[in-house]
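Peer 1: Residue numbers (the numbering used here), protein chains in the order written: chain A, 1083 to 1374; chain B, 10 to 469.
Everything labelled a hint here was simulated from the structure, so no lab data went into it.
Glycine residues also receive a C-beta, built at the ideal position from the N, C-alpha and C atoms.
It is possible that some hints are incorrect.
Which residues of chain B face chain A? A partial, calculated answer using Cβ under 8 Å [what the hints assert, rightly or not]:
hint	residue
1	P13
2	A17
3	L358
When the alpha-carbon atoms are kept at most 35 Å apart in a straight line, the in silico DSBU-like pairs for lysine-lysine are as follows [said to hold, decoys possible]:
hint	chain 1	residue 1	chain 2	residue 2
4	A	K1215	B	K175
5	A	K1221	B	K159
6	A	K1221	B	K175
7	B	K159	B	K279
8	A	K1199	A	K1215
9	A	K1187	B	K279
10	B	K175	B	K159
11	B	K279	A	K1139
12	B	K138	B	K175
13	A	K1261	B	K368
14	A	K1198	B	K368
15	A	K1115	A	K1198
16	A	K1261	B	K138
17	B	K463	A	K1215
18	A	K1221	B	K368
19	B	K463	A	K1198
20	A	K1198	A	K1363
21	A	K1221	A	K1139
22	B	K279	A	K1215
23	A	K1115	A	K1139
24	A	K1199	B	K159
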Amino acid sequence: MLNQKHAVLLESPAKTNDVPPPSPVQIQEPDTKTVGRVTVDKPIMTTRNVDVYYGDKQAIIDVSIDVAYNEVLSMIGPSGCGKSTFLRCLNRMNDTIESARVTGKIELEGHDIYDKKTDVVTLRARVGMVFQKPNPFPKSVYENVAYGPRIHGLARNQSELDEIVQTSLRRAGLWDEVKDRLGQPGTGLSGGQQQRLCIARCIAVNPDVILMDEPCSALDPIATARIEELIDELRQNYSIVIVTHSMQQAARVSQRTAYFHLGDLIEVGETATIFTNPQDKLTEDYLTGRFG
Amino acid sequence: MSTPLLLAVLLLLTAAAFEFGRRRALHLAGPEFRTLHSLPRYYGSFTALWCALPALVLLGTWLAFEDEIITSLVVADLPATYQSLSEPELNLIINDLRNQLSGNVVSQELSPDMQAAAEHYGSLRATSKAAMAVIFLSVAMLGMGLAWRKIAPNFWARNRVEAIIKVLLIICSTLAIFTTIGIVLSVLFESIRFFQAVPVFDFLFGLEWSPQTAIREDQVGSSGAFGAVPLFAGTLLISFIAMLVAAPIGLTSAIYLSEYSHPRFRATAKPLLEILAGIPTVVYGFFAALTVAPLLRNVGTYFGLDVSSESALAAGLVMGIMIIPFVSSISDDVINAVPQSLRDGSLALGSTQSEMIRKVVLPAALPGIVGGLLLAISRAIGETMIVVMAAGLAAKLTVNPLEAVTTVTVQIVTLLVGDQEFDSPKTLAAFALGLMLFLVTLALNVIALYVVRKYREQYE
Chain A
1083 MLNQKHAVLL ESPAKTNDVP PPSPVQIQEP DTKTVGRVTV DKPIMTTRNV DVYYGDKQAI
1143 IDVSIDVAYN EVLSMIGPSG CGKSTFLRCL NRMNDTIESA RVTGKIELEG HDIYDKKTDV
1203 VTLRARVGMV FQKPNPFPKS VYENVAYGPR IHGLARNQSE LDEIVQTSLR RAGLWDEVKD
1263 RLGQPGTGLS GGQQQRLCIA RCIAVNPDVI LMDEPCSALD PIATARIEEL IDELRQNYSI
1323 VIVTHSMQQA ARVSQRTAYF HLGDLIEVGE TATIFTNPQD KLTEDYLTGR FG
Chain B
10 MSTPLLLAVL LLLTAAAFEF GRRRALHLAG PEFRTLHSLP RYYGSFTALW CALPALVLLG
70 TWLAFEDEII TSLVVADLPA TYQSLSEPEL NLIINDLRNQ LSGNVVSQEL SPDMQAAAEH
130 YGSLRATSKA AMAVIFLSVA MLGMGLAWRK IAPNFWARNR VEAIIKVLLI ICSTLAIFTT
190 IGIVLSVLFE SIRFFQAVPV FDFLFGLEWS PQTAIREDQV GSSGAFGAVP LFAGTLLISF
250 IAMLVAAPIG LTSAIYLSEY SHPRFRATAK PLLEILAGIP TVVYGFFAAL TVAPLLRNVG
310 TYFGLDVSSE SALAAGLVMG IMIIPFVSSI SDDVINAVPQ SLRDGSLALG STQSEMIRKV
370 VLPAALPGIV GGLLLAISRA IGETMIVVMA AGLAAKLTVN PLEAVTTVTV QIVTLLVGDQ
430 EFDSPKTLAA FALGLMLFLV TLALNVIALY VVRKYREQYE
């Protein structure tokens, strides 16, 4: 397995996505004001009582939620409610923001990712991220996908690297469109293709979790539909956390949905339940379009 | 009236014109002042501009041609014996007339003819002055009057004023361009004169530079050789050494400042670094000649090397330090212009910060960095003071940085500060060198700007 190296670094047993390790103890529902069940039976990531501050301003207030294996968890809520901020905590991308401060506990397969002993580089190789605006590097299509495997030394030789690039592009549903132009700049692709290239680049390092920050907001409906199909396929191998402004998208692609409001996690539940029968007044108002 | 006085009067007239125009517009509109097409001050400005501009144009033209016309009138009235004189002699006489008028010492006792001519000259000048004052003020009044008459509530004063201002802006912006063209042309014409004496081929490809030419026919041994290759070799050698110093230091400090340093450190360090660019080059020259060169010589002696007291190395090192801020400042800007999204993309894949910088940020910023380096090179090539003081005068064709070499700029300086006559090939050679230098730096700048612009398009 290619990412065995990372697993060792994070001191977790070699894992396969199909067979989650047995959970050690009976899960206890954390003390939280969130409506609905925030835990899952077999979590890959757990977050407990997470607060995020930008300087003096608190952006996330006491959020606890689990991410399960092979599920798509969508996070919805009005602009500025903190869902992107929370997403960026999951692979410590907030580290790049000088004034950001994170407290609480976030674990990836039982290991505290904010622990001093956790190498952020390894963490990010296991928890990949796709951004709102497609951000391919100004390099060729091939080099974009090969970038991650190269920096992590995942391929012993050129043919292995070729293999990884091809597999990743296939999984991202981009191979047929770019196989004849692997040497051309990734920035020359269309917006939808660029975003799928970024997804391919992300899965080339074979992460466990993929974070997606409004991955379709810069795309047209057709490109969006392709990405959504892709997300559904990727669920077979990865856990996905997606932030979206489109409630239809959340309903279409996710199994669980979390509703954020002004830094609070208001409600979590099965997507079908939340959309048909929201428990909290705020969730209901947002979903019925009364605000947001 | 003297010119400053005329200008003062014009200023008063213009101020009055502004007020008249504004009042007239308000008066004509009466209580319906909101129906005026433009704000009242535009009517004022319109009148003021019409008062000032034609008068100023007239004044400028008058002053430009006054002297020439008066002189030609005086010459025409001179007795026939003077008419046949050659131009330099005639100029001398005219000069005498002027000196006589202003009470200065004259070169010879003036004949009665000349006395008469001097008086004639004086009276013409007085007439011209009086006429100019009258016409100047009439034009100002006339302009004001015409503009004043045009004012009506539905007159588009704002559009007119803005059109005039636009023309003024265009004139100012083209002034710099025309000045550049003028400089290039003047250098070009002198260079052409030089190339009539020395073949272009000899100049461009000659390996010997020894610009001493014979002043008198009977002098020996100073035939002059104008092969510019040693000069360009020296210039390139020193620029190369300078870039060896400036490129790595400038680039790495830019990377540190933009990627690693704390914002507070950056806020202090960057201006401090840019102070280097503010040090007068003559001070760098002292530093090179009095500190660095002797130091190099001592160190060289210690290692048994023969370092000349003026060396390409000393000049190059100090010049390199001088251009560090050019490299670091431009590189820093270019690196900062690389979008954060690319950095995030790289970090999110689990790259370390140094991998991100080496593999994403620097490649993306490379064209801009190259542009910055080219600008720094063109600056190094054109630098004069440091090399005059520290590089030496001997036009030696060598790549040994421990020897004294000379550069194009040093030779231009030494050629022009001598007491040679101004039309000898020696002096004219300075213009040819200047032209070559100009062409080289122009080419470098054009390439640099092109590269930088191409880079900008990538992210917009």
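Peer 1: Could you tell me which of the numbered hints above are not met by this structure, giving the numbers in increasing order?
Peer 2: 1, 2, 4, 5, 6, 7, 9, 16, 19, 20, 21 and 24
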